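**Q** Respectively, the protein sequence lines represent chains A and B.
Counting in this note's numbering, the first sequence runs from 1 upward without gaps.
Counting in this note's numbering, the second sequence runs from 209 upward without gaps.
The set of hints was computed from the structure by calculation and includes no laboratory data.
Treat the hints with care, since some could be wrong.
Straight-line alpha carbon distances no greater than 25 Å define the calculated DSS-like cross-link-like pairs of lysine-lysine that follow [unchecked claim]:
(1) A:LYS26 <-> B:LYS307
(2) B:LYS300 <-> A:LYS99
(3) B:LYS332 <-> B:LYS234
(4) A:LYS124 <-> A:LYS58
(5) A:LYS124 <-> A:LYS135
(6) A:LYS99 <-> A:LYS58
(7) A:LYS58 <-> A:LYS26
(8) B:LYS307 <-> B:LYS266
(9) B:LYS234 <-> A:LYS92
(10) B:LYS266 <-> B:LYS300
(11) B:LYS343 <-> A:LYS26
(12) B:LYS332 <-> B:LYS300
(13) A:LYS26 <-> B:LYS300
(14) B:LYS332 <-> A:LYS58
(15) A:LYS26 <-> B:LYS266
(16) A:LYS58 <-> A:LYS92
(17) B:LYS343 <-> B:LYS332
Pulled from the structure, derived: some chain B residues nowhere near chain A, Cβ distances all over 12 Å [what the hints assert, rightly or not]:
(18) HIS242
(19) VAL339
(20) LEU352
(21) GLY355
In this text the structure is predicted, and so the values were computed from the model without any measurement.
Backbone N, C-alpha and C fix where the C-beta goes; we use that ideal spot for every residue, glycine too.
Protein chains: 2
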Amino acid sequence: MEQEFESSLLEGAVTELSRLPGLGRKTALRLALHLLRQDEEQAVSLGEALIAMRRGIKYCTVCHNISETDVCPICSDPRRDPSVVCVVETVKDVISFEKTRQYTGLYHVLGGVISPMDGVGPDKLEIDSLVDRVKGGGIREVILALGATMDGETTSFYIYRRLGDTGVIVSQLARGVSVGNEIEYTDEITLGRSLINRTLFADSFGNG
Amino acid sequence: MEQEFESSLLEGAVTELSRLPGLGRKTALRLALHLLRQDEEQAVSLGEALIAMRRGIKYCTVCHNISETDVCPICSDPRRDPSVVCVVETVKDVISFEKTRQYTGLYHVLGGVISPMDGVGPDKLEIDSLVDRVKGGGIREVILALGATMDGETTSFYIYRRLGDTGVIVSQLARGVSVGNEIEYTDEITLGRSLINRTLFADSFGNG
């Protein structure tokens with residue numbers, strides 16, 4: 001392919017930047033020219049941080065979350081309850097749950113959800129390793145915390161069946177009206193579920 | 209500041225990415241997690257390309273365009289006409305004009321336009337060096353190719369006055385209806401200018 005820019009160094013940087021999702025060549029050029037206007041230190045720090053991150057981060061052998069060590073800090077934290085495992089789709093979901101500061105159990109990162117449309121079957125996800133982990137003993141409850149989407153629900157049901165003979169408690173996140181949302185703007189399926197799964201008002205003060 | 213992520217390598221990469229203009233921490237995290245899912249080679253290539261670009265690219269001592277050499281390939285190209293200099297705001301504008309393949313003269317990159325609102329005075333731009341270049345001789349025409357904005361027009365007028373006693377021809381880009389645009393959607397100031405500066409129809413076939 002013909003070079004777009006006179007400078008092959010600029011061409012290289014723009015090409016590499018535009019391989020990132022959501023960045024077209026126009027945006028990539030804008031970012032590259034911005035870096036050229038800054039101190040050399042900024043581009044060097046960015047470049048080195050990306051390389052160090054990719055080289056230094058691996059996946060936890062227990063829960064498949066990102067980790068700088070074989071077993072991640074969450075799995076090896078003695079203050080956390082190893083008898084509860086929250087099953088999530090991605091590493092980002094672990095970050096979201098950690099930010100709530102409400103959860104003290106461990107995680108299991110699937111790496112996606114079953115999606116026949118995208119050619120993702122159960123074998124491409126960390127489902128076998130979840131079943132093995134539960135069969136290994138010591139786990140009382142598995143919380144399915146996947147998206148409330150068609151693929152998420154399918155995956156939850158698949159995992160529920162796979163765990164059927166282990167005797168573990170399988171729960172899932174409550175479905176209901178989002179905090180801060182008006183009833184008027186809540187869809188009817190969510191409203192229906194929130195009615196069926198209604199909770200005692202007194203419990204909403206956190207002493208349930 | 210407290211770390212947002214357990215991994216300081218992820219924290220470092222997200223922090224550096226989010227220093228880029230237009231990238232918030234959410235987008236930075238998305239990009240970092242994307243790189244973690246790709247082959248190590250991709251993050252390393254990106255990091256190295258950014259560092260190599262920043263270290264290898266400097267500014268042409270003649271026209272102030274980006275260059276890997278002291279004098280850029282455009283300024284040192286013997287096939288180009290050194291008697292015509294096109295004054296542009298940024299490096300990006302040089303790329304845009306080069307893409308037209310219509311221009312065979314040289315450039316002068318100002319590095320911005322005069323903008324009292326943003327605290328940019330003439331001394332922060334490559335205007336003195338333009339005047340020196342013209343006074344150095346050998347230049348017949350200076351084409352002002354700045355934006356048709358308030359700041360762009362102010363800067364053009366300032367440069368026009370600074371070049372007043374050099375005897376050089378000072379021209380500016382034609383203002384008119386954008387190619388592909390309907391009259392209906394063209395603003396009245398542009399329409400007025402396009403009427404005053406109308407050209408002979410026969411000239412539009414390129415033989416003018």
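**Q** Please go over all the hints and tell whether each is borne out by the structure.
**A** Quick rundown of the hints versus the structure:
no.: 1; hint: A:LYS26 <-> B:LYS307; in the structure: 14 Å, holds
no.: 2; hint: B:LYS300 <-> A:LYS99; in the structure: 41 Å, violated
no.: 3; hint: B:LYS332 <-> B:LYS234; in the structure: 35 Å, violated
no.: 4; hint: A:LYS124 <-> A:LYS58; in the structure: 18 Å, holds
no.: 5; hint: A:LYS124 <-> A:LYS135; in the structure: 20 Å, holds
no.: 6; hint: A:LYS99 <-> A:LYS58; in the structure: 22 Å, holds
no.: 7; hint: A:LYS58 <-> A:LYS26; in the structure: 32 Å, violated
no.: 8; hint: B:LYS307 <-> B:LYS266; in the structure: 22 Å, holds
no.: 9; hint: B:LYS234 <-> A:LYS92; in the structure: 10 Å, holds
no.: 10; hint: B:LYS266 <-> B:LYS300; in the structure: 15 Å, holds
no.: 11; hint: B:LYS343 <-> A:LYS26; in the structure: 37 Å, violated
no.: 12; hint: B:LYS332 <-> B:LYS300; in the structure: 18 Å, holds
no.: 13; hint: A:LYS26 <-> B:LYS300; in the structure: 10 Å, holds
no.: 14; hint: B:LYS332 <-> A:LYS58; in the structure: 47 Å, violated
no.: 15; hint: A:LYS26 <-> B:LYS266; in the structure: 21 Å, holds
no.: 16; hint: A:LYS58 <-> A:LYS92; in the structure: 15 Å, holds
no.: 17; hint: B:LYS343 <-> B:LYS332; in the structure: 20 Å, holds
no.: 18; hint: HIS242; in the structure: 6 Å, violated
no.: 19; hint: VAL339; in the structure: 23 Å, holds
no.: 20; hint: LEU352; in the structure: 22 Å, holds
no.: 21; hint: GLY355; in the structure: 16 Å, holds
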